[in-house]
Structures are given as structure tokens and as C-alpha cells.
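Peer 1: Residue numbers (this note's numbering), protein chains in the order written: chain U, 1 to 331; chain Z, 1 to 300; chain C, 1 to 309.
Please keep in mind that the hints were generated in silico from the structure rather than gathered at the bench. Among the hints, erroneous ones may be present.
[Unchecked claim] Below, simulated DSS-like cross-link-like pairs (lysine-lysine); rule was C-alpha separation at most 30 angstroms, straight line: (1) C/Lys159 with Z/Lys73; (2) C/Lys124 with Z/Lys259; (3) Z/Lys162 with C/Lys270; (4) Z/Lys175 with C/Lys172; (5) U/Lys63 with C/Lys124; (6) C/Lys85 with Z/Lys175; (7) C/Lys124 with Z/Lys33; (8) U/Lys37 with U/Lys124; (9) U/Lys62 with Z/Lys175; (10) U/Lys63 with Z/Lys31; (11) U/Lys63 with Z/Lys33; (12) C/Lys85 with C/Lys75.
From a predicted model like this one, the values you see are computed outputs, not experimental measurements.
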Amino acid sequence: MDERNVLEIKNLHVIYETDQDTVYAVNGVNLTVKKGKTLGLVGETGAGKTTTALSVMRLLPKKIGYIKEGEIGLDGRNVMELTEGDMRLIRGDTVSMIFQDPMTSLNPVMTVGKQIRESLELHKHGRSEKEIDARVDEMLEMVGIPASRRNDFPHQFSGGMKQRVVIALALACEPKLILADEPTTALDVTIQAQVLQMMNELKVKLNTAMILITHDLGVVAQTCDDVAIMYAGEIIESGTAEDIYEGKQHHPYTVGLFGSIPDMDSKAKRLNPIPGLMPDPTHLPAGCPFAPRCPRCMEICKETKPEIVHFGTHEIKCHLFSGDEKGSEPV
Amino acid sequence: MRKDIQAEQAVNELEVKKRSQLGYIWFRFRKNKLAMLGLLLLAAMALVCITAPLYLSYEEDVVTQHVMEKFSKPFSAGHILGTDRYGRDMFARIVYGGRISLTMGFAIVALSLLIGGTIGAIAGYYGGIVDNILMRLMDILLALPQILMAMAIVAVLGTDIKNLLIAMTIANIPKFARIVRSAILQIQGQEYIEAAKACGTRDPRTILRHILPNAIGPIVVQATLQIAQSIISLAALSFIGLGVQSPQPEWGTMLSEGKQDMMLYPFVVIEPGIAIMLAVLSFNLMGDGLRDALDPKLKN
Amino acid sequence: MLKFIGKRLLTMIPVLLGISLIIFLIMNLTPGDASGLILGEGATKEAVEELREEMGWNDPVLVQYGRYMVNVLTKGDFGTSYISKVPVTQELSERLPNTIKLAVGSVALMVLLGIPIGILSAVKQYSIVDNITLLVSMLICAMPSFFMGLCLMLAFSLKLNWLPSIGSDTWKHFILPCITCCSVHLAQLIRMTRSNMLEVIRSDYVRTARSKGATERRVVFGHALRNALLPVITVVGLNLGAMLGGAVITESVFSISGVGTMIVNGIRKKDTPSVMAAILLVAVMISVVNLVVDIIYAYVDPRLRSKLK
Chain U
1 MDERNVLEIK NLHVIYETDQ DTVYAVNGVN LTVKKGKTLG LVGETGAGKT TTALSVMRLL
61 PKKIGYIKEG EIGLDGRNVM ELTEGDMRLI RGDTVSMIFQ DPMTSLNPVM TVGKQIRESL
121 ELHKHGRSEK EIDARVDEML EMVGIPASRR NDFPHQFSGG MKQRVVIALA LACEPKLILA
181 DEPTTALDVT IQAQVLQMMN ELKVKLNTAM ILITHDLGVV AQTCDDVAIM YAGEIIESGT
241 AEDIYEGKQH HPYTVGLFGS IPDMDSKAKR LNPIPGLMPD PTHLPAGCPF APRCPRCMEI
301 CKETKPEIVH FGTHEIKCHL FSGDEKGSEP V
Chain Z
1 MRKDIQAEQA VNELEVKKRS QLGYIWFRFR KNKLAMLGLL LLAAMALVCI TAPLYLSYEE
61 DVVTQHVMEK FSKPFSAGHI LGTDRYGRDM FARIVYGGRI SLTMGFAIVA LSLLIGGTIG
121 AIAGYYGGIV DNILMRLMDI LLALPQILMA MAIVAVLGTD IKNLLIAMTI ANIPKFARIV
181 RSAILQIQGQ EYIEAAKACG TRDPRTILRH ILPNAIGPIV VQATLQIAQS IISLAALSFI
241 GLGVQSPQPE WGTMLSEGKQ DMMLYPFVVI EPGIAIMLAV LSFNLMGDGL RDALDPKLKN
Chain C
1 MLKFIGKRLL TMIPVLLGIS LIIFLIMNLT PGDASGLILG EGATKEAVEE LREEMGWNDP
61 VLVQYGRYMV NVLTKGDFGT SYISKVPVTQ ELSERLPNTI KLAVGSVALM VLLGIPIGIL
121 SAVKQYSIVD NITLLVSMLI CAMPSFFMGL CLMLAFSLKL NWLPSIGSDT WKHFILPCIT
181 CCSVHLAQLI RMTRSNMLEV IRSDYVRTAR SKGATERRVV FGHALRNALL PVITVVGLNL
241 GAMLGGAVIT ESVFSISGVG TMIVNGIRKK DTPSVMAAIL LVAVMISVVN LVVDIIYAYV
301 DPRLRSKLK
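The shape of chain U in the complex, shown without the other chains (with noise of 0.2 angstroms):
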């Protein structure tokens, strides 16, 4: 594993499965994310985001979900050679989550004090407990809430403020990894804005990488160094910001996904949707999953997956490329 990333993930494949049907929610997946960086995990909903991270913790719901294949190196270990007991280890304290909905995130019978100090109950490290006392508060001023507030309930605070909480109890014990899944999509745009920022400054006061899960390109753009987009459980493109944002090439999804931005300045009447929808998890189509919306769709598209086609760090997934690279071979 390459020491200037703490996470690679190679060929991911992640099936849920149920009584009636074989779910496939992650398809080959390729993801690294550099110590220190950020990387944004833009797609739909049902993309396989979420399943992505949920698999780099092992919390996949038991007896339903599995990881078929791959590898997942987390600061240098293998995360699927560790047992259940290696991987409470690590949860918390190498890599944490922040999960979507704040207001069903907290327990509502224990204090917010309670649940920050759990994270470090866990993990030790030899502190003592007037230090752990005071590390909660410390967490606690550090999102912006009053340490006097540590024996409040959560509904005692707001939407926002229990977001707030729940950073707090991820970052508690300083892990390498955070894997912000959707953390402000909940909340109000105001809200949104301010909790971003913390979690920005936290980022970067603590040195700490992050994937940010999310369906919105601005904020993708106000706060991630790379990026990668996945369509129907895969990699469809990725690269740094500067390659997503001002390269000239792009898959067509990214194309159809930044059109669909709705701008302030034109005069358009209608917005512009990209017709059709993700294919079904349980029936994928052979070739291209987005072949049957792709308004470039090729006869290759429909019955071969295309490769990796590299430009730098830039890389797309498409057959629209395959002839047109610079200087690179195809994976």
C-alpha cells in the first residue's frame, strides 16, 4: 500500500442479499484517498456511496449484506484479513462516520456528554478519566457547543447543533479517515453552510482525510481536493477537483449531472433532468450501466464495459475515450 494514501480500495464488489433478490450495490470499485485530503463521492441516491463506506468499516447490515471481493487497505492494514475484534479497534479511532440523519444518529436516552465520552471510553490510549472528562469538553467547545451543555439530551438541541454532536463524537480520538456520509444534507442551507466550514477547519487543524458522500456539486466544490463520481455501484469518473471541474473532458453522466444544475442567471423555463433512471440493482445490464440514458450511447457501449481510460490523474470510464489518450496505457 503506498504510504502517502491511508485508504486504497481495489475492486470492490459489495451484493446485498435478500429473500427474493441479489442486490449489487457496488461493482468493481477503485477509490484512494491521500492522507490529509479530501476526496468527494458524488452519484445519485442508490449509487452504492453509502455501501462504499459502510464496507471500509465492515458495518454492512449482518446476514444481508457482503463483501464479495476486494481489498480495502486502511492505514496500511488490510482491512479484510482483521477480525471483529481488530475492527472495534479501529472503528472510532482510525476511521469514523458521520451518518446522514442527525436526528436519529444520538441515542435519546443517554447525555450528548455520555456518547462523546463513549468514543474515548473505547479507546483508551492510556488516558485517564479526568482527561477523557476533559477531552469531551474540549470536543464539545471545538463544534461550537458550550462544555456546560455535556449533560443535555439530544432533543434538547437543535438539528444542526446535533450534527454538531455527532462530529464531535467522531472526531473524538483523532482518526486518520472520516467518512462523512451525506453529514449536512438534513439540515437547513444556512445550517449547512456553517457546519461545512467546521468541518473544514476541523479537517485541516487535525490533518485528518475525508470522504465526503454527496449529491451536491457545490459543495463538492467548496471543499474536496479530489473527487470521484459513481453511477449504479461504480467508478465512472474521477480525478482532482481541477480535472472535474475545468477539464474538458467528461463521461456523459457528468455532463448530464452538471447540466442539471440549476443557474441563477439563464432563462430557462425548465430544468434539465437527464431522462431515464439508475438501472436496477438487481439486474444490471451488460455493457455500460449507463448505456440505455447515455445520449452518446455507442453499439460497444451496449455489450462491453469500458475501461479505465487515463488522462494524469484524471480518469474516465468510457468508450467515447478509449482511443484518445494522452501519453497513459489503459489499465
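Since the structure of chain U is already known, use the hints to place chains Z and C on it.
Peer 2: For chains Z and C alone, kept in the frame of chain U given last:
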């Protein structure tokens, strides 16, 4: 005007969907093995009980005492389940007891659902003082355990079957009033009711057309489970002597009669007991199955 | 909090009054009276009339009710039982301990067995333990309590001779009755605890706890349990009322001399004073228990606690 018609059409479409929703619910029910078992069990029992007069004689088998044959063991000549202390055929008594229990169960629930449901519907729909008064009344009825309430009423009216029906219905009314009321309150808050009202549908129409079909699900589940409860309560009342009287073959009465002989002849007590269990089990299984079929998310 | 309690106590009063009125009307609007009981079967018509005048049974019902309530509220006099000729309050105080022992024993059994089994069943969902538990619960729910009582009596008392079958002298006498009385409610409690636990274990905050690296044990006991048990408190409280009703039946099965048998006998023989007092007592007990349960619940759930402050 045009908007009115459009809204009406939209509501009609929803209703069409509802009809196939019924089919969908039945499909899910069918898939549930336990629920189907309950249904089959009930069907079998009902069949045996309904056709009883065809192959059994009430006078001969159930009531007349044949002292010479008393306590015949099960599987003895002419008596599959044996006879009791008065020589009466156990099988015949249990089957006729079933007629009593099943009909009473249905009747009690049907009546109390009708009366209690109407009370609850009125309380829920109109709210305010009407709601308050009606629910206080229900609270008074509920302050006593159902059994005691039924016992007290039976004390007044006597232990005739008709009066038992009245007593147990009254004891059950508050439960259904509450269930229907809360179902209506829940649905009233939902937006499609506001939409219907905005279209100008008149009050009773709103209740019947829009609220009831959605509220019916949980109510049917409760009703099924209550039939089981009523069968047990009837047997309990009869057991302590305040229900169906001898020589009528109610299962509870049979249990109390058999108690004195159970040491030597346990079958006299075990057979009616198992009959009660089978009847109650079938309704419970069906009720649970309906509950799961109506909302698979609740299945645990 | 005090306001909450005060309000609840206030609403209890009209309910109790309502019950007393209803029961009194029920007992006195019925044809026939207890003259046969008091004077014996062969009493003359004149003697009966005289008795009726003396007892005030010829007065309008509501007047009789008023007289009764005045006696109760001012002198604590609930009358004398026509059957036992003993003041009702005295008879009640003799019988009440038995019923309370039965009720408390049943509740204790129900909670001590029901909650752990429910948790175990949930944590080991779909395992053999779980399936057996569900099966047995279902069968128990289908069994009327008195049938279970008779079967237990048959098995453990008459055939095996391990436990006494009737009476109420020693604690051993209460084992079978308590099991009988609580069995259905035990089964329901198990199912409810199980389903609450299952639901809570799938909740988001449990996922958060796991993401911190919590062990399964911590998740179950530290997070899931308290949340799953909150609704159980209310249900246990509600079931207590039904259990008291069931105690009546259980007392009959095991010939325990308690409040329940007092009611049953009183109804059969039209012993109005006994029935009134006993039923009122039951109603008061149930109301008080409901109030206590509500208070406990409000105290234990922090969301309600802050609302009530």
C-alpha cells in the same frame, strides 16, 4: 369546475389502486404459512361445527345422561373422545360447544365493533367536547378489567345466552371505540384528507370514502384477535359459574364440571381445554398474519 | 411534575365515582334482592317487607346510592356483608393480602422471566432458542388461564405431588397460581420485548455506537436495552389491570380466599355491599397502579422529563 373533475378522477384512480391493494394483501397473507394454518384450522372447525346437526343429535348426544356409560375412555365404542361423568359423549359436546363459542365470538366482536366503532368514529371525527365526553365515558368502562365488568352486568341480567352477549359486548365497546378513534385521528391528519375536503366533499362522504378504507386494516386485525379473546372470556365466565349454564356444553362449563374428576379422568378436562386452544390459536394466527400482510415492515 | 400528578389524581375521582354509580345501579336495578339470604328461605311476606323497609330498599335507587356514598365518605362504612354478616371492610382486609400476594407474585414472575427471555430471543433471532420461545409463547397465548391452572394442578399437584393444589397458607401455595395468572401476560411481554429489541437494534443510533467500535454487549446493554424497555413499562402497567381480572379466575381455580372470590360469590348471591366495596377497591388499585406507572415512565424517559419540568 374542471379542477373538481380532475380531483375526482385522481381519487377514483386511488380507489382502483386500493382494490388491487386488497389482492396484494391477500397475496402476502397467503405466503405466510402460519396464517394459512390458522385459516385452515378455523375453516375445519367451522365446518365440523356447522354441519353438526347432520350427524349428531343434540338431545341424544349432548344433553341426555347415560349413567351406565359414564367415563368411557377415549376411543371406546361409539365415543371417539369418551364420555363425561353423566355418560354424555365428549365429542358431541365439544362440537356443540364450538357452535356456541364461535358464534358468540363473532357476534360479540361484530356488535361491539359496530357500536364502539361508531362511538369512536364520531369522537375522532368531530373532536372537541363530543370527543371528551365520549372518551370519559369509555374510560369509566375501562377502569374495570373486562372480566369484572362483564361479570357485573351478567349479575343484573342473568346468565341467559342473549344476556351474556349483551354483557360481553358492553365490556368490549370501549376497546373498539379507542381503536377506531385513534385510527381516524391518525388518518385525519394526513394530507389526502385535506385534499378531499378542499374538493368540497361533504362530511359523511369523507369518512366513508376516504378515511375508512385506510383505517380498516388495523381494525380488522384487532377484531380478529378480539374474537379469540372473547372466546376465552366466555369460557372463563362459564368456568366460574357466571356464564353458560349446564347442561349446555360450553367449553368453560365443561372444564368446571370436569374439575372434580380430573385426577382420575384427566381427559374430561383436557379435551375441552384443547378445543379452546385450537379455536383461539386459529384466530391469533390469522390476526398476526393479517398484521404482517398489511405492513411487512412490522414483521419481526 | 407535581402538577402532572395532581391533574391525574383529579381525573381519577370522576372515574371512580362513575364506576361506583354504575355498579350500584347494576346491583340494585336487578329483580330480586338479598332478603332470602338474610332471613332464610322460608321467610314470610311480611318479614320480607319489613326487612325491605328497614334496609331502605324501597327507596328510589339514587337515594340509596346517595346514602351509601355518604356512609362511605364520612364514616368509611361500606356496610355489612349479607353472606358472612361481617363488616365488609373487615372481610376485605382479611382477603386482600391473598390477592395482593397473587398479583405481586405474578407481576414479579412476569417481569423477571419475560424481559430476559425477550432480550435473549431478540439477540439470537432465528436461532432455535428464538423459535422455541416464539412457539411456546404462541401456545400459551392460546390457553385460557384457568385451563393452564388446571393442567398445572393436574401435573404438579395431583400427579407429581410436588406442590399443594388449593388454599393459601404457605408461599408454596402461591407458586402454581402465580404462574397461572401471569402466563398469558408473560408470553405477551416476551413477544413485545423481543420485537422492541429487534427494532431498536436496527436503529441509527445503534449503528452510530457500532461505528465507534462498541462491542455487541455494550450495544445491547448500554444502548438498545433502555430504549427498548421504555414502552414495556407502560404495557406492564396496562397489563396489571387485566391481570387483576385474571386473578379473579385464578382464585377460583385454586380456591384461594381473596378479593376475587368475594366478588364472584357476592354477585351470585346478590350481596351488594361486598360486591360494591370489592369492585371499588379493585378499581382504585388499578387507577393508582396506572398513575404510578405513568409517573415512572415520565421519570425514566428524558424526553418526557423535560417536558414536564
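Peer 1: Now tell me if each hint is right for this structure.
Peer 2: Hints, verified against the model:
1. Taking the CA atoms of C/Lys159 and Z/Lys73, the gap is near 19 angstroms; set against the 30 angstroms cutoff, the hint holds.
2. About 40 angstroms separates the Cα atoms of C/Lys124 and Z/Lys259, which puts this hinted pair outside 30 angstroms; it is violated.
3. At most 30 angstroms may separate the alpha-carbon atoms for a hinted pair to count; Z/Lys162 and C/Lys270 meet this at roughly 21 angstroms.
4. Of the supplied pair hints, the one linking Z/Lys175 and C/Lys172 is violated, its CA atoms being roughly 37 angstroms apart against a limit of 30 angstroms.
5. Taken as a hint, the U/Lys63 and C/Lys124 pair is honoured in the structure, with Cα atoms around 13 angstroms apart against an allowance of 30 angstroms.
6. Among the hinted pairs, C/Lys85 with Z/Lys175 is inconsistent with the structure: their alpha-carbon atoms are about 38 angstroms apart, more than 30 angstroms.
7. In summary, the hint linking C/Lys124 to Z/Lys33 is supported, as the alpha carbons are separated by about 22 angstroms, within the 30 angstroms threshold.
8. A distance of roughly 26 angstroms separates the Cα atoms of U/Lys37 and U/Lys124; the hinted pair therefore holds under the 30 angstroms criterion.
9. Pair hint U/Lys62 plus Z/Lys175 does not hold up; C-alpha atoms about 40 angstroms apart against a cutoff of 30 angstroms.
10. With a CA separation close to 22 angstroms, the supplied pair U/Lys63 and Z/Lys31 stays within the 30 angstroms bound.
11. For the proposed pair U/Lys63 and Z/Lys33, the alpha carbon gap of about 23 angstroms is at most 30 angstroms, so the pair holds.
12. Distance restraint check for C/Lys85 and C/Lys75: the Cα-Cα separation of roughly 19 angstroms lies within the 30 angstroms cut-off, and the hinted pair is therefore satisfied.
Comparing the model with each numbered hint stated earlier shows that hints 2, 4, 6 and 9 do not hold.
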